[in-house]
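Asker: Sequence:
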Amino acid sequence: MVNENRARIRSLFIVHTAMLILTLGSSIIYTGLYPYLELLDPNVKLDEYGFVVAADAFAQMIFSPLFGIMADKMGQIRVVAIICAATFFGGNVFFCLVPLIPREIGSLPKPRVWALLVARFIVGIGTAINAAARAYVSKVTTLSERTTHVALLSLFQTLGFIIGPALQSALTPIGEKEIGDGSQFVFDMYTATGWVSAANGILALILFMPGIFVEFFEAPAETDTVELVEDEPDETQDVPKPLPKALQEMKKKPAELLKQFSQISLVDAQRLVVDTPESEIEEPKKKVDILSAVVSTWGFFSFYCSFVLLETLVTPMAIDQFGWSKEDTILYIGISMAAGGVLAAFCFAAIGPLSKRFDERLILIILGIIPMIVGRLVMMPIGSKMPPLRGNLTICDNYDPSMNLTSMIGSENRAGPSDEVGCPYCWCLDIPQMSVLQFMIGFAIVVIGYPFCIAISGSLFSKIVGKHAQGFWMGLLTMAGSCARVVGPILFTWLYEQFGIYITFSIIAATLVVSLVMYIVTYKRFKI
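Reminder that position 53 of the sequence shown reads as 53 in UniProt numbering, one-by-one numbering, no gaps.
In short, the hints are calculated from the structure, not lab data.
Idealized CB from N, CA, C, for every residue including glycine.
Worth double-checking, as some hints may not be accurate.
Unchecked claim - Simulated DEER-style distance windows between Cβ atoms:
id	residue 1	residue 2	range
1	Ile290	Phe185	50 to 58 Å
2	Ser325	Met440	46 to 54 Å
3	Phe13	Ala510	37 to 45 Å
4	Val521	Leu100	52 to 60 Å
5	Lys356	Ala7	51 to 59 Å
6	Ser384	Ile290	46 to 54 Å
7	Val214	Ile382	18 to 26 Å
8	Ala199	Met440	29 to 37 Å
Work out the full structure: start from the sequences and follow the hints.
Answerer: Dropping the structure here:
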(Lines of atoms letter the chains of each structure in order from A; the text may use other names.)
(Lines give C-alpha, C1' and ligand atoms only; values in the text may rest on other atoms or scores of the structure.)
Protein backbone atom coordinates (compact mmCIF):
# COMPACT_ATOMS: atom_id res chain seq x y z
CA MET A 1 0.00 0.00 0.00
CA VAL A 2 2.84 2.39 0.89
CA ASN A 3 4.70 1.67 -2.39
CA GLU A 4 1.50 2.14 -4.37
CA ASN A 5 0.86 5.48 -2.71
CA ARG A 6 4.42 6.60 -3.48
CA ALA A 7 3.97 5.59 -7.12
CA ARG A 8 0.72 7.59 -7.26
CA ILE A 9 2.39 10.69 -5.84
CA ARG A 10 5.31 10.21 -8.27
CA SER A 11 2.85 10.10 -11.19
CA LEU A 12 1.34 13.37 -9.99
CA PHE A 13 4.74 15.05 -9.90
CA ILE A 14 5.48 13.79 -13.41
CA VAL A 15 2.30 15.52 -14.57
CA HIS A 16 3.31 18.69 -12.67
CA THR A 17 6.79 18.59 -14.23
CA ALA A 18 5.40 18.05 -17.72
CA MET A 19 3.15 21.08 -17.29
CA LEU A 20 6.15 23.16 -16.20
CA ILE A 21 8.19 21.99 -19.20
CA LEU A 22 5.45 22.69 -21.76
CA THR A 23 4.47 26.00 -20.18
CA LEU A 24 8.09 27.11 -20.05
CA GLY A 25 8.50 26.13 -23.69
CA SER A 26 5.44 28.17 -24.60
CA SER A 27 6.25 31.27 -22.53
CA ILE A 28 9.94 31.52 -23.42
CA ILE A 29 9.03 33.27 -26.65
CA TYR A 30 6.54 35.81 -25.21
CA THR A 31 8.87 38.74 -24.51
CA GLY A 32 10.65 38.26 -27.84
CA LEU A 33 7.60 37.57 -30.01
CA TYR A 34 6.86 41.21 -30.83
CA PRO A 35 10.45 42.09 -31.90
CA TYR A 36 10.71 38.79 -33.82
CA LEU A 37 7.49 39.57 -35.68
CA GLU A 38 8.78 43.05 -36.56
CA LEU A 39 11.96 41.51 -37.96
CA LEU A 40 9.93 39.08 -40.05
CA ASP A 41 7.71 41.89 -41.38
CA PRO A 42 8.51 45.53 -40.50
CA ASN A 43 5.00 46.56 -41.60
CA VAL A 44 3.23 44.45 -38.96
CA LYS A 45 0.69 46.26 -36.78
CA LEU A 46 0.09 45.89 -33.06
CA ASP A 47 -3.38 44.38 -33.53
CA GLU A 48 -1.92 41.77 -35.91
CA TYR A 49 0.58 40.93 -33.19
CA GLY A 50 -2.43 40.46 -30.89
CA PHE A 51 -3.85 37.82 -33.25
CA VAL A 52 -0.52 35.97 -33.30
CA VAL A 53 -0.41 35.94 -29.49
CA ALA A 54 -4.01 34.73 -29.37
CA ALA A 55 -3.44 31.88 -31.85
CA ASP A 56 -2.03 29.35 -29.38
CA ALA A 57 -4.74 30.17 -26.82
CA PHE A 58 -7.40 29.75 -29.51
CA ALA A 59 -6.07 26.27 -30.27
CA GLN A 60 -6.00 25.48 -26.56
CA MET A 61 -9.59 26.68 -26.20
CA ILE A 62 -10.75 24.32 -28.97
CA PHE A 63 -8.70 21.26 -28.08
CA SER A 64 -8.72 21.39 -24.26
CA PRO A 65 -12.31 20.14 -23.86
CA LEU A 66 -11.80 17.67 -26.74
CA PHE A 67 -8.71 16.19 -25.10
CA GLY A 68 -10.53 16.22 -21.75
CA ILE A 69 -13.40 14.19 -23.22
CA MET A 70 -10.91 11.92 -24.97
CA ALA A 71 -9.14 11.27 -21.65
CA ASP A 72 -12.49 10.48 -20.01
CA LYS A 73 -13.52 8.06 -22.76
CA MET A 74 -10.17 6.28 -22.83
CA GLY A 75 -9.83 6.29 -19.05
CA GLN A 76 -6.22 7.46 -19.29
CA ILE A 77 -4.17 10.57 -20.16
CA ARG A 78 -1.01 8.95 -21.57
CA VAL A 79 -2.18 8.99 -25.21
CA VAL A 80 -3.40 12.59 -24.92
CA ALA A 81 -0.10 13.64 -23.31
CA ILE A 82 2.00 11.99 -26.04
CA ILE A 83 -0.08 13.61 -28.81
CA CYS A 84 0.26 17.02 -27.16
CA ALA A 85 4.03 16.69 -26.63
CA ALA A 86 4.63 15.63 -30.25
CA THR A 87 2.45 18.47 -31.59
CA PHE A 88 4.23 20.95 -29.32
CA PHE A 89 7.58 19.84 -30.76
CA GLY A 90 6.39 20.22 -34.36
CA GLY A 91 4.87 23.67 -33.80
CA ASN A 92 8.05 25.06 -32.29
CA VAL A 93 10.22 23.71 -35.12
CA PHE A 94 7.88 25.46 -37.57
CA PHE A 95 8.23 28.66 -35.47
CA CYS A 96 12.01 28.57 -35.96
CA LEU A 97 11.75 27.97 -39.72
CA VAL A 98 9.36 30.83 -40.55
CA PRO A 99 12.22 32.96 -42.04
CA LEU A 100 12.51 30.31 -44.77
CA ILE A 101 9.21 31.68 -46.12
CA PRO A 102 9.72 34.72 -48.43
CA ARG A 103 8.28 38.03 -47.28
CA GLU A 104 6.14 38.20 -50.42
CA ILE A 105 4.28 35.28 -52.03
CA GLY A 106 2.06 36.38 -54.88
CA SER A 107 -1.01 38.25 -53.65
CA LEU A 108 -0.92 36.69 -50.18
CA PRO A 109 -0.57 39.57 -47.68
CA LYS A 110 2.15 39.21 -45.07
CA PRO A 111 2.81 35.45 -45.48
CA ARG A 112 5.33 35.37 -42.63
CA VAL A 113 2.78 36.80 -40.20
CA TRP A 114 0.31 34.10 -41.27
CA ALA A 115 3.00 31.42 -40.95
CA LEU A 116 3.89 32.55 -37.44
CA LEU A 117 0.21 32.54 -36.53
CA VAL A 118 -0.13 28.93 -37.77
CA ALA A 119 3.00 27.91 -35.87
CA ARG A 120 1.59 29.38 -32.67
CA PHE A 121 -1.72 27.61 -33.29
CA ILE A 122 0.06 24.25 -33.57
CA VAL A 123 1.98 24.98 -30.36
CA GLY A 124 -1.37 25.78 -28.73
CA ILE A 125 -2.66 22.31 -29.58
CA GLY A 126 0.29 20.93 -27.64
CA THR A 127 -0.49 23.04 -24.58
CA ALA A 128 -4.10 21.74 -24.58
CA ILE A 129 -2.88 18.96 -22.27
CA ASN A 130 -3.86 21.39 -19.51
CA ALA A 131 -7.41 20.02 -19.15
CA ALA A 132 -6.39 16.36 -19.10
CA ALA A 133 -3.66 17.14 -16.55
CA ARG A 134 -6.09 18.96 -14.25
CA ALA A 135 -8.57 16.11 -14.59
CA TYR A 136 -5.90 13.55 -13.69
CA VAL A 137 -4.85 15.51 -10.61
CA SER A 138 -8.48 15.79 -9.49
CA LYS A 139 -9.18 12.13 -10.19
CA VAL A 140 -6.28 10.51 -8.34
CA THR A 141 -6.11 12.80 -5.28
CA THR A 142 -8.21 12.59 -2.15
CA LEU A 143 -10.18 15.62 -1.00
CA SER A 144 -7.57 16.34 1.66
CA GLU A 145 -4.77 16.26 -0.96
CA ARG A 146 -6.57 18.04 -3.77
CA THR A 147 -6.04 21.69 -2.82
CA THR A 148 -2.32 21.07 -2.35
CA HIS A 149 -1.85 19.30 -5.69
CA VAL A 150 -4.07 21.71 -7.63
CA ALA A 151 -1.93 24.48 -6.14
CA LEU A 152 1.23 22.59 -7.13
CA LEU A 153 -0.03 22.16 -10.68
CA SER A 154 -0.72 25.89 -10.90
CA LEU A 155 2.66 26.59 -9.27
CA PHE A 156 4.54 24.52 -11.85
CA GLN A 157 2.58 26.21 -14.65
CA THR A 158 3.22 29.68 -13.30
CA LEU A 159 6.89 28.92 -12.78
CA GLY A 160 7.01 27.90 -16.43
CA PHE A 161 5.35 31.17 -17.46
CA ILE A 162 7.81 33.17 -15.35
CA ILE A 163 11.04 31.23 -16.00
CA GLY A 164 10.46 31.25 -19.77
CA PRO A 165 11.06 35.00 -20.22
CA ALA A 166 14.06 34.73 -17.90
CA LEU A 167 15.61 32.16 -20.24
CA GLN A 168 14.82 34.46 -23.16
CA SER A 169 16.84 37.12 -21.34
CA ALA A 170 19.70 34.67 -20.91
CA LEU A 171 19.73 34.14 -24.69
CA THR A 172 19.99 37.86 -25.53
CA PRO A 173 23.83 37.68 -25.92
CA ILE A 174 23.20 35.69 -29.12
CA GLY A 175 21.79 38.91 -30.53
CA GLU A 176 19.30 39.45 -33.35
CA LYS A 177 19.99 39.08 -37.05
CA GLU A 178 18.49 41.05 -39.88
CA ILE A 179 15.93 39.00 -41.80
CA GLY A 180 15.72 39.90 -45.48
CA ASP A 181 12.91 39.52 -47.99
CA GLY A 182 14.12 36.18 -49.34
CA SER A 183 14.16 32.69 -47.89
CA GLN A 184 16.86 32.14 -45.28
CA PHE A 185 17.66 30.05 -42.22
CA VAL A 186 18.14 32.24 -39.16
CA PHE A 187 19.55 31.37 -35.75
CA ASP A 188 19.38 34.28 -33.35
CA MET A 189 18.10 35.17 -29.88
CA TYR A 190 14.49 34.72 -31.07
CA THR A 191 14.69 31.43 -32.97
CA ALA A 192 16.95 29.99 -30.25
CA THR A 193 13.96 30.12 -27.91
CA GLY A 194 11.98 28.05 -30.40
CA TRP A 195 14.64 25.35 -30.47
CA VAL A 196 14.66 25.28 -26.66
CA SER A 197 10.87 24.87 -26.73
CA ALA A 198 11.14 22.03 -29.25
CA ALA A 199 13.62 20.27 -26.94
CA ASN A 200 11.12 20.70 -24.11
CA GLY A 201 8.52 18.93 -26.23
CA ILE A 202 10.81 15.91 -26.62
CA LEU A 203 11.49 15.88 -22.87
CA ALA A 204 7.74 15.92 -22.12
CA LEU A 205 7.26 13.08 -24.59
CA ILE A 206 9.85 11.00 -22.74
CA LEU A 207 8.23 11.68 -19.35
CA PHE A 208 4.97 10.03 -20.42
CA MET A 209 6.58 6.90 -21.86
CA PRO A 210 5.62 3.55 -20.26
CA GLY A 211 8.04 2.63 -17.51
CA ILE A 212 8.48 6.26 -16.51
CA PHE A 213 4.89 7.39 -16.06
CA VAL A 214 2.81 4.82 -14.15
CA GLU A 215 -0.78 5.95 -14.50
CA PHE A 216 -3.41 5.58 -11.77
CA PHE A 217 -7.11 5.65 -12.38
CA GLU A 218 -8.73 6.61 -9.08
CA ALA A 219 -7.97 8.17 -5.72
CA PRO A 220 -7.51 5.95 -2.67
CA ALA A 221 -10.30 6.03 -0.10
CA GLU A 222 -9.72 8.70 2.55
CA THR A 223 -9.39 5.98 5.23
CA ASP A 224 -6.63 4.30 3.21
CA THR A 225 -4.39 7.27 3.74
CA VAL A 226 -4.67 7.02 7.53
CA GLU A 227 -2.73 4.38 9.44
CA LEU A 228 -5.19 2.30 11.48
CA VAL A 229 -4.31 0.39 14.62
CA GLU A 230 -6.59 -2.59 15.10
CA ASP A 231 -7.31 -4.19 18.45
CA GLU A 232 -6.66 -7.86 19.04
CA PRO A 233 -9.66 -9.93 17.93
CA ASP A 234 -12.04 -10.80 20.73
CA GLU A 235 -13.53 -14.27 20.75
CA THR A 236 -16.79 -12.82 22.05
CA GLN A 237 -16.82 -10.04 19.43
CA ASP A 238 -20.26 -9.39 17.96
CA VAL A 239 -20.77 -10.75 14.46
CA PRO A 240 -23.24 -8.86 12.26
CA LYS A 241 -26.31 -10.88 11.32
CA PRO A 242 -28.41 -10.33 8.24
CA LEU A 243 -31.81 -8.76 8.71
CA PRO A 244 -34.57 -11.22 7.80
CA LYS A 245 -35.23 -11.02 4.08
CA ALA A 246 -38.91 -10.30 4.63
CA LEU A 247 -38.05 -7.17 6.57
CA GLN A 248 -35.48 -6.10 3.98
CA GLU A 249 -37.87 -6.32 1.07
CA MET A 250 -40.96 -5.11 2.99
CA LYS A 251 -43.19 -6.99 0.58
CA LYS A 252 -45.31 -8.93 3.09
CA LYS A 253 -48.49 -7.84 4.78
CA PRO A 254 -48.20 -5.77 7.98
CA ALA A 255 -49.33 -8.67 10.18
CA GLU A 256 -46.66 -11.00 8.79
CA LEU A 257 -44.00 -8.29 9.08
CA LEU A 258 -44.93 -7.76 12.73
CA LYS A 259 -44.61 -11.50 13.31
CA GLN A 260 -41.10 -11.49 11.74
CA PHE A 261 -40.07 -8.45 13.77
CA SER A 262 -41.26 -10.03 17.03
CA GLN A 263 -38.79 -12.86 16.52
CA ILE A 264 -35.80 -10.49 16.82
CA SER A 265 -34.26 -10.32 20.28
CA LEU A 266 -33.01 -7.02 21.72
CA VAL A 267 -29.52 -8.50 21.99
CA ASP A 268 -29.43 -9.33 18.27
CA ALA A 269 -31.07 -6.10 17.11
CA GLN A 270 -27.95 -3.97 17.47
CA ARG A 271 -26.00 -6.38 15.27
CA LEU A 272 -28.46 -6.67 12.41
CA VAL A 273 -27.42 -5.39 8.98
CA VAL A 274 -29.16 -5.14 5.64
CA ASP A 275 -27.66 -7.81 3.42
CA THR A 276 -27.24 -5.86 0.21
CA PRO A 277 -24.88 -7.18 -2.48
CA GLU A 278 -21.85 -4.92 -3.11
CA SER A 279 -22.76 -4.69 -6.76
CA GLU A 280 -26.00 -2.95 -5.81
CA ILE A 281 -24.28 -0.37 -3.61
CA GLU A 282 -23.71 2.85 -5.53
CA GLU A 283 -22.41 6.04 -4.02
CA PRO A 284 -24.83 8.78 -4.98
CA LYS A 285 -23.38 11.53 -7.17
CA LYS A 286 -23.97 15.03 -5.94
CA LYS A 287 -25.29 17.27 -8.69
CA VAL A 288 -22.98 19.96 -9.95
CA ASP A 289 -23.99 23.38 -8.65
CA ILE A 290 -24.34 25.17 -11.97
CA LEU A 291 -24.35 28.68 -10.47
CA SER A 292 -21.12 27.98 -8.55
CA ALA A 293 -19.60 26.47 -11.70
CA VAL A 294 -20.52 29.61 -13.68
CA VAL A 295 -18.99 31.87 -11.02
CA SER A 296 -15.79 29.77 -10.98
CA THR A 297 -15.60 29.81 -14.76
CA TRP A 298 -16.03 33.59 -14.95
CA GLY A 299 -13.47 34.01 -12.18
CA PHE A 300 -10.98 31.87 -14.06
CA PHE A 301 -11.65 33.94 -17.19
CA SER A 302 -11.07 37.25 -15.37
CA PHE A 303 -7.90 36.02 -13.63
CA TYR A 304 -6.41 34.95 -16.94
CA CYS A 305 -7.46 38.26 -18.53
CA SER A 306 -5.29 40.02 -15.99
CA PHE A 307 -2.41 37.67 -16.69
CA VAL A 308 -2.83 38.16 -20.45
CA LEU A 309 -1.93 41.83 -20.04
CA LEU A 310 1.57 40.82 -18.96
CA GLU A 311 1.74 38.13 -21.59
CA THR A 312 0.76 40.44 -24.44
CA LEU A 313 1.52 44.07 -23.70
CA VAL A 314 4.48 44.06 -21.36
CA THR A 315 7.11 44.21 -24.14
CA PRO A 316 5.52 46.86 -26.41
CA MET A 317 4.40 48.83 -23.32
CA ALA A 318 7.96 48.93 -21.92
CA ILE A 319 9.27 50.13 -25.30
CA ASP A 320 6.54 52.80 -25.47
CA GLN A 321 6.51 54.00 -21.87
CA PHE A 322 10.15 53.71 -20.85
CA GLY A 323 11.89 54.23 -24.20
CA TRP A 324 13.92 51.02 -23.82
CA SER A 325 15.49 49.29 -26.81
CA LYS A 326 14.30 45.82 -27.82
CA GLU A 327 17.32 44.11 -26.30
CA ASP A 328 17.05 46.07 -23.03
CA THR A 329 13.32 45.40 -22.82
CA ILE A 330 13.76 41.64 -23.17
CA LEU A 331 16.58 41.66 -20.62
CA TYR A 332 14.87 43.83 -17.97
CA ILE A 333 11.41 42.31 -18.34
CA GLY A 334 12.90 38.82 -18.24
CA ILE A 335 14.73 39.59 -15.00
CA SER A 336 11.54 41.12 -13.52
CA MET A 337 9.52 38.04 -14.40
CA ALA A 338 12.16 35.73 -12.95
CA ALA A 339 11.98 37.68 -9.68
CA GLY A 340 8.22 37.46 -9.89
CA GLY A 341 8.53 33.71 -10.30
CA VAL A 342 10.41 33.43 -7.02
CA LEU A 343 7.71 35.50 -5.30
CA ALA A 344 4.96 33.39 -6.88
CA ALA A 345 6.69 30.21 -5.72
CA PHE A 346 6.52 31.39 -2.10
CA CYS A 347 2.83 32.23 -2.54
CA PHE A 348 2.03 28.83 -4.02
CA ALA A 349 3.98 27.11 -1.26
CA ALA A 350 1.87 28.98 1.30
CA ILE A 351 -1.47 27.91 -0.21
CA GLY A 352 -1.45 24.36 1.19
CA PRO A 353 -0.71 25.30 4.83
CA LEU A 354 -3.03 28.33 4.70
CA SER A 355 -5.94 26.32 3.27
CA LYS A 356 -5.71 23.92 6.21
CA ARG A 357 -5.95 26.73 8.77
CA PHE A 358 -8.29 29.20 7.06
CA ASP A 359 -11.36 29.06 4.86
CA GLU A 360 -10.32 28.74 1.21
CA ARG A 361 -13.02 31.21 0.19
CA LEU A 362 -11.55 33.93 2.41
CA ILE A 363 -8.05 33.23 1.11
CA LEU A 364 -9.29 33.56 -2.47
CA ILE A 365 -10.98 36.90 -1.80
CA ILE A 366 -8.49 38.55 0.58
CA LEU A 367 -5.15 37.26 -0.73
CA GLY A 368 -6.19 36.67 -4.33
CA ILE A 369 -8.80 38.87 -5.97
CA ILE A 370 -8.32 42.07 -3.95
CA PRO A 371 -4.52 42.25 -4.57
CA MET A 372 -5.11 41.63 -8.28
CA ILE A 373 -7.44 44.65 -8.39
CA VAL A 374 -5.09 46.83 -6.35
CA GLY A 375 -2.13 45.88 -8.56
CA ARG A 376 -3.91 47.12 -11.69
CA LEU A 377 -4.93 50.38 -10.03
CA VAL A 378 -1.35 51.01 -8.88
CA MET A 379 -0.19 50.85 -12.51
CA MET A 380 -2.47 53.73 -13.55
CA PRO A 381 -0.28 56.66 -14.72
CA ILE A 382 -0.14 59.60 -12.34
CA GLY A 383 1.81 62.85 -12.35
CA SER A 384 2.63 65.22 -15.18
CA LYS A 385 5.62 63.58 -16.86
CA MET A 386 4.80 62.43 -20.38
CA PRO A 387 6.16 59.28 -22.05
CA PRO A 388 9.05 59.51 -24.54
CA LEU A 389 7.73 59.90 -28.07
CA ARG A 390 8.96 58.26 -31.24
CA GLY A 391 10.64 60.46 -33.80
CA ASN A 392 8.05 59.51 -36.44
CA LEU A 393 4.99 60.15 -34.24
CA THR A 394 1.93 60.37 -36.49
CA ILE A 395 0.33 63.85 -36.51
CA CYS A 396 -2.90 63.53 -34.53
CA ASP A 397 -6.19 65.43 -34.54
CA ASN A 398 -5.31 67.32 -31.38
CA TYR A 399 -1.88 68.37 -32.65
CA ASP A 400 -1.36 71.80 -34.15
CA PRO A 401 1.34 71.47 -36.87
CA SER A 402 2.25 75.14 -36.42
CA MET A 403 3.62 74.26 -32.99
CA ASN A 404 7.04 72.77 -32.54
CA LEU A 405 6.60 69.26 -31.16
CA THR A 406 9.82 69.42 -29.16
CA SER A 407 8.88 72.67 -27.44
CA MET A 408 5.40 71.33 -26.68
CA ILE A 409 6.50 68.14 -24.91
CA GLY A 410 10.03 69.02 -23.88
CA SER A 411 13.17 67.73 -25.54
CA GLU A 412 13.84 65.35 -22.64
CA ASN A 413 10.72 63.41 -23.61
CA ARG A 414 11.88 62.69 -27.13
CA ALA A 415 13.00 59.10 -27.69
CA GLY A 416 15.71 60.17 -30.09
CA PRO A 417 16.18 59.61 -33.81
CA SER A 418 15.26 55.93 -33.68
CA ASP A 419 11.77 55.04 -34.85
CA GLU A 420 11.81 51.81 -32.88
CA VAL A 421 11.41 53.10 -29.31
CA GLY A 422 9.12 55.56 -27.57
CA CYS A 423 5.35 55.99 -27.68
CA PRO A 424 3.91 56.28 -31.23
CA TYR A 425 0.19 56.78 -30.51
CA CYS A 426 -2.01 59.87 -30.41
CA TRP A 427 -2.96 59.35 -26.76
CA CYS A 428 0.74 59.64 -25.86
CA LEU A 429 0.25 63.43 -26.09
CA ASP A 430 -2.42 63.40 -23.35
CA ILE A 431 -1.80 60.49 -20.96
CA PRO A 432 1.09 60.74 -18.47
CA GLN A 433 3.87 58.20 -18.35
CA MET A 434 3.64 55.10 -16.20
CA SER A 435 6.85 55.10 -14.20
CA VAL A 436 9.12 52.09 -13.87
CA LEU A 437 8.53 52.12 -10.09
CA GLN A 438 4.75 52.02 -10.62
CA PHE A 439 5.10 49.10 -12.96
CA MET A 440 7.33 47.15 -10.58
CA ILE A 441 5.10 47.69 -7.52
CA GLY A 442 1.92 46.86 -9.45
CA PHE A 443 3.56 43.81 -11.00
CA ALA A 444 4.66 42.53 -7.56
CA ILE A 445 1.15 42.94 -6.11
CA VAL A 446 -0.43 41.12 -9.06
CA VAL A 447 2.14 38.32 -8.78
CA ILE A 448 1.16 37.86 -5.11
CA GLY A 449 -2.56 37.66 -5.88
CA TYR A 450 -2.46 35.56 -9.05
CA PRO A 451 -1.35 32.23 -7.45
CA PHE A 452 -4.11 32.36 -4.84
CA CYS A 453 -6.72 33.15 -7.52
CA ILE A 454 -5.75 30.41 -9.95
CA ALA A 455 -5.00 27.62 -7.47
CA ILE A 456 -7.91 28.07 -5.07
CA SER A 457 -10.55 28.81 -7.71
CA GLY A 458 -9.45 25.65 -9.56
CA SER A 459 -9.56 23.63 -6.34
CA LEU A 460 -13.04 24.88 -5.43
CA PHE A 461 -14.27 24.11 -8.94
CA SER A 462 -12.87 20.58 -8.74
CA LYS A 463 -14.67 19.97 -5.45
CA ILE A 464 -17.93 21.32 -6.87
CA VAL A 465 -17.68 18.90 -9.80
CA GLY A 466 -17.03 15.97 -7.43
CA LYS A 467 -17.18 12.54 -9.04
CA HIS A 468 -18.57 13.74 -12.34
CA ALA A 469 -16.48 13.55 -15.53
CA GLN A 470 -13.45 15.56 -14.44
CA GLY A 471 -11.95 15.64 -17.92
CA PHE A 472 -15.02 17.31 -19.42
CA TRP A 473 -15.53 19.83 -16.61
CA MET A 474 -11.84 20.69 -16.30
CA GLY A 475 -11.83 21.10 -20.08
CA LEU A 476 -14.57 23.73 -19.72
CA LEU A 477 -12.59 25.52 -17.02
CA THR A 478 -9.44 25.45 -19.13
CA MET A 479 -11.48 26.64 -22.10
CA ALA A 480 -12.51 29.71 -20.05
CA GLY A 481 -8.84 30.49 -19.39
CA SER A 482 -8.01 29.92 -23.04
CA CYS A 483 -10.91 32.15 -24.09
CA ALA A 484 -9.39 34.93 -21.97
CA ARG A 485 -6.07 34.35 -23.73
CA VAL A 486 -7.83 34.59 -27.11
CA VAL A 487 -10.02 37.63 -26.44
CA GLY A 488 -7.43 39.38 -24.27
CA PRO A 489 -4.56 39.86 -26.77
CA ILE A 490 -6.91 40.97 -29.55
CA LEU A 491 -9.02 43.28 -27.37
CA PHE A 492 -6.24 44.69 -25.20
CA THR A 493 -3.84 45.46 -28.06
CA TRP A 494 -6.67 47.31 -29.83
CA LEU A 495 -7.67 49.20 -26.67
CA TYR A 496 -4.06 50.07 -25.87
CA GLU A 497 -3.39 51.25 -29.42
CA GLN A 498 -6.55 53.35 -29.62
CA PHE A 499 -7.15 54.62 -26.07
CA GLY A 500 -4.06 53.98 -23.96
CA ILE A 501 -3.38 52.70 -20.48
CA TYR A 502 -6.32 54.16 -18.54
CA ILE A 503 -9.06 52.43 -20.52
CA THR A 504 -7.15 49.17 -20.93
CA PHE A 505 -6.31 48.76 -17.26
CA SER A 506 -9.78 49.92 -16.14
CA ILE A 507 -11.48 47.20 -18.15
CA ILE A 508 -9.16 44.55 -16.68
CA ALA A 509 -9.84 45.84 -13.16
CA ALA A 510 -13.60 45.83 -13.89
CA THR A 511 -13.58 42.11 -14.78
CA LEU A 512 -11.86 41.39 -11.45
CA VAL A 513 -14.38 43.53 -9.52
CA VAL A 514 -17.22 41.55 -11.11
CA SER A 515 -15.52 38.32 -9.98
CA LEU A 516 -15.15 39.68 -6.46
CA VAL A 517 -18.85 40.57 -6.26
CA MET A 518 -19.91 37.19 -7.68
CA TYR A 519 -17.79 35.23 -5.19
CA ILE A 520 -19.14 37.31 -2.28
CA VAL A 521 -22.78 36.86 -3.36
CA THR A 522 -22.36 33.07 -3.81
CA TYR A 523 -20.03 32.69 -0.81
CA LYS A 524 -22.14 30.07 1.00
CA ARG A 525 -22.51 27.90 -2.11
CA PHE A 526 -18.77 27.20 -2.10
CA LYS A 527 -18.78 25.61 1.34
CA ILE A 528 -17.64 22.04 0.57
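Asker: Quick one: which hint numbers does this structure break? Sort them smallest to largest.
Answerer: 2, 5, 7
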